[in-house]
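**Q** Spelled out, the chains give:
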Amino acid sequence: MTDSADPVAERLDRLAAAELAALPTPRLDAHLRQRLLDRAPRARQPIAWLPLAAAAVLAIALVPLALDAPQPISLAMPARPEAPADPPAPLAAWDIAVSRGAQLRVGLMTTQATAGAGLVVESLDANGLVIASTPAGDDAPAAILAPGTRIEVDLGAGLRVHAVRLRRGDTVGQVLTVP
Amino acid sequence: MTGAREPGPGRAVPEADGSRTVSPDEPALVRRARGGDRDAFAILVDTHAARLHAMLTHFCAGDRELAGEFVQEAFVRAFERLDRFDGASAFYTWLYRLARNRAIDLLSRKRPAAMADEHIALVSAPDQHAGSRLDAADRARLVRWAMDQCSPEHREVLLLREWDGNDYDRIAELIGVAIGTVKSRLNRARAELRTHLLTRCAAEDLL
Chain A
1 MTDSADPVAE
11 RLDRLAAAEL
21 AALPTPRLDA
31 HLRQRLLDRA
41 PRARQPIAWL
51 PLAAAAVLAI
61 ALVPLALDAP
71 QPISLAMPAR
81 PEAPADPPAP
91 LAAWDIAVSR
101 GAQLRVGLMT
111 TQATAGAGLV
121 VESLDANGLV
131 IASTPAGDDA
141 PAAILAPGTR
151 IEVDLGAGLR
161 VHAVRLRRGD
171 TVGQVLTVP
Chain B
1001 MTGAREPGPG
1011 RAVPEADGSR
1021 TVSPDEPALV
1031 RRARGGDRDA
1041 FAILVDTHAA
1051 RLHAMLTHFC
1061 AGDRELAGEF
1071 VQEAFVRAFE
1081 RLDRFDGASA
1091 FYTWLYRLAR
1101 NRAIDLLSRK
1111 RPAAMADEHI
1121 ALVSAPDQHA
1131 GSRLDAADRA
1141 RLVRWAMDQC
1151 SPEHREVLLL
1161 REWDGNDYDR
1171 IAELIGVAIG
1181 TVKSRLNRAR
1191 AELRTHLLTR
1201 CAAEDLL
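These protein sequence lines are chains A and B, in that order.
Under this note's numbering, the residue at position 37 of the first sequence is numbered 37, and the numbers go up by one with no gaps.
For this note's numbering, add 1000 to where a residue sits in the second sequence, where the first one is 1.
The set of hints was computed from the structure by calculation and includes no laboratory data.
Where hints are given, some of them may not hold.
What the hints assert, rightly or not - What follows is a list of derived Cβ distance ranges for each label pair:
hint: 1; chain 1: A; residue 1: Arg-35; chain 2: B; residue 2: Asn-1187; range: 34 to 42 angstroms
hint: 2; chain 1: A; residue 1: Leu-37; chain 2: B; residue 2: Arg-1188; range: 38 to 46 angstroms
hint: 3; chain 1: A; residue 1: Ala-18; chain 2: B; residue 2: Val-1177; range: 22 to 30 angstroms
hint: 4; chain 1: A; residue 1: Gln-34; chain 2: B; residue 2: Thr-1199; range: 41 to 49 angstroms
hint: 5; chain 1: A; residue 1: Ala-30; chain 2: B; residue 2: Asn-1187; range: 38 to 46 angstroms
hint: 6; chain 1: A; residue 1: Asp-29; chain 2: B; residue 2: Asn-1187; range: 29 to 37 angstroms
Ideal Cβ placement from N, Cα and C applies to all residues, glycine included.
Starting from the given sequences, assemble the full structure and let the hints guide the process.
**A** Now the structure itself:
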């Protein structure tokens, strides 16, 4: 019981050992037991590995595309340029007047709203060949000319000019003979 | 010599390997509890909590509330770290170490505020027994009082040995020291206990 050779110490040790062994073992309090059970670990939710893996693969695949793309990727169709309120009127919509004086002049007047950009006056010789092309309209592509807008085109001396016509791109208007 | 002895009244019979493994399926129980099986958790609580609480109550000078806090904290910490439990030692050993580390840390700095009533009565009138032989009840109270005066480390080994009935190997495992340390600590603990007893009563009145 003890390393001491003292018999009194040995007897005291035996007495203490007996008293300690007789200490009670109380039952667990119901309250404490319930508190412990309340702290039970919760069931872990199973991990949905398949959707997780698919999402990871998709994310990895999209990273290079996102890095190379000059603009953010969008599945939407590119927006079309804002269209004019009214489509450009055909060249025949222009009223054309030609006067020959010291200078050969072509007077243009719109009968409806139309674009002035790209509009040219072609000068034709007696054989119907184009000998000059003079810009008439404004180069501003979005400019819409209101009805009644007048444009004056100076063709210079115009001695060889036999007739004139309007042209916008591939569209050619009627030929108007110079008086 | 491992100090084998008969189990005391509050003890379970040790397994052949000296451990207190209640069931050979205890690692499986722990795995089930870790997975959220509340029945498995309840079995572990019912198997170990009462013994741990009783041990800590004696260790805390009869303060059952304080002991209950240590028990609860030990269970919570144990289940937070269940991934580290490999079943190599008994689950109780793991629980006990978690609880005793906290208890010794606290009790080394502060004595339990609440002592059992019979302890207070004895301490308040220590000389009333002088010159007369103690009866059994007074002797029991005096020993318990003397136990509570011992250092936490000495109180622990005395309880593990005399009340919980562990041999030296098992005590070494529970408190994480060598067997030689257990033996020397027990000798010092008994000497301290005797010293406290004899400050309140003559040896001849006790024996």
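**Q** Hint by hint, note whether the structure agrees.
**A** For each hint, the structure was consulted:
| no. | hint | result |
| --- | --- | --- |
| 1 | Arg-35(A) with Asn-1187(B): 34 to 42 angstroms | holds (39 angstroms) |
| 2 | Leu-37(A) with Arg-1188(B): 38 to 46 angstroms | holds (40 angstroms) |
| 3 | Ala-18(A) with Val-1177(B): 22 to 30 angstroms | holds (26 angstroms) |
| 4 | Gln-34(A) with Thr-1199(B): 41 to 49 angstroms | holds (42 angstroms) |
| 5 | Ala-30(A) with Asn-1187(B): 38 to 46 angstroms | holds (40 angstroms) |
| 6 | Asp-29(A) with Asn-1187(B): 29 to 37 angstroms | holds (35 angstroms) |
Of the numbered hints given earlier, the model fails none.
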